[in-house]
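Visitor: When we follow full-length UniProt numbering, the leftmost residue of the sequence shown carries the number 1, and every step to the right adds one.
Just so you know, these hints were derived from the structure itself, not from any lab.
Careful, some of the hints might be misleading.
[Stated by the list, open to error] Label pairs and their in silico Cβ distance ranges:
1. ASP64 x ASN6: 15 to 23 Å
2. LYS62 x GLU38: 27 to 35 Å
3. THR58 x ASN6: 15 to 23 Å
4. SER4 x GLN34: 12 to 20 Å
5. GLU27 x THR58: 27 to 35 Å
6. ASN6 x PRO60: 29 to 37 Å
7. GLU67 x ASN37: 30 to 38 Å
8. HIS18 x THR57: 17 to 25 Å
[To be verified] In the BS3-like style, the derived pairs of lysine-lysine whose C-alpha atoms are separated by at most 27 Å in a straight line are:
9. LYS30 x LYS62
10. LYS30 x LYS71
11. LYS30 x LYS11
12. LYS11 x LYS56
The structure presented is a predicted model; accordingly, all values stated were derived computationally and were not measured.
Don't be surprised by glycine CBs; every beta carbon is placed ideally from N, CA and C.
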Amino acid sequence: MEFSPNHPLIKLLMKGMHLNETGNVEEAAKTFLQAWNEAADDFEKAISAWYIARLKTTIPGKIDWYETALKHALNAHPSGITKSLTEM
1 MEFSPNHPLI KLLMKGMHLN ETGNVEEAAK TFLQAWNEAA DDFEKAISAW
51 YIARLKTTIP GKIDWYETAL KHALNAHPSG ITKSLTEM
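Based on the provided sequences and hints, a complete structural model is requested.
Guide: Shown next, in the form of structure tokens:
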């Protein structure tokens, strides 16, 4: 996946980030979940799961989604995920 503001998944994630920043946390969570559901590969799943985890309000919820993000990151093609692992 190319990190481009024109990529459909990146558009969804940017929309979710904007919603979160403007206080629309529930809508942001729905948007991140939509990105998760539309993710086409492990790399996209990893990124989407990371954003979902950030909005979870319980430690177990955060851990579950961060573990999911890590699992998909480790399954993703190395050239695509290497740059993102440091952010996770």
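Visitor: Compare the structure with each hint and give your call.
Guide: Checked hints:
no. : hint                      : result
1   : ASP64 x ASN6: 15 to 23 Å  : violated (31 Å)
2   : LYS62 x GLU38: 27 to 35 Å : violated (22 Å)
3   : THR58 x ASN6: 15 to 23 Å  : violated (35 Å)
4   : SER4 x GLN34: 12 to 20 Å  : holds (19 Å)
5   : GLU27 x THR58: 27 to 35 Å : violated (20 Å)
6   : ASN6 x PRO60: 29 to 37 Å  : holds (36 Å)
7   : GLU67 x ASN37: 30 to 38 Å : violated (19 Å)
8   : HIS18 x THR57: 17 to 25 Å : holds (20 Å)
9   : LYS30 x LYS62             : holds (16 Å)
10  : LYS30 x LYS71             : holds (22 Å)
11  : LYS30 x LYS11             : holds (14 Å)
12  : LYS11 x LYS56             : holds (21 Å)
Checked against the numbered hints above, the structure violates hints 1, 2, 3, 5 and 7; every other hint is satisfied.
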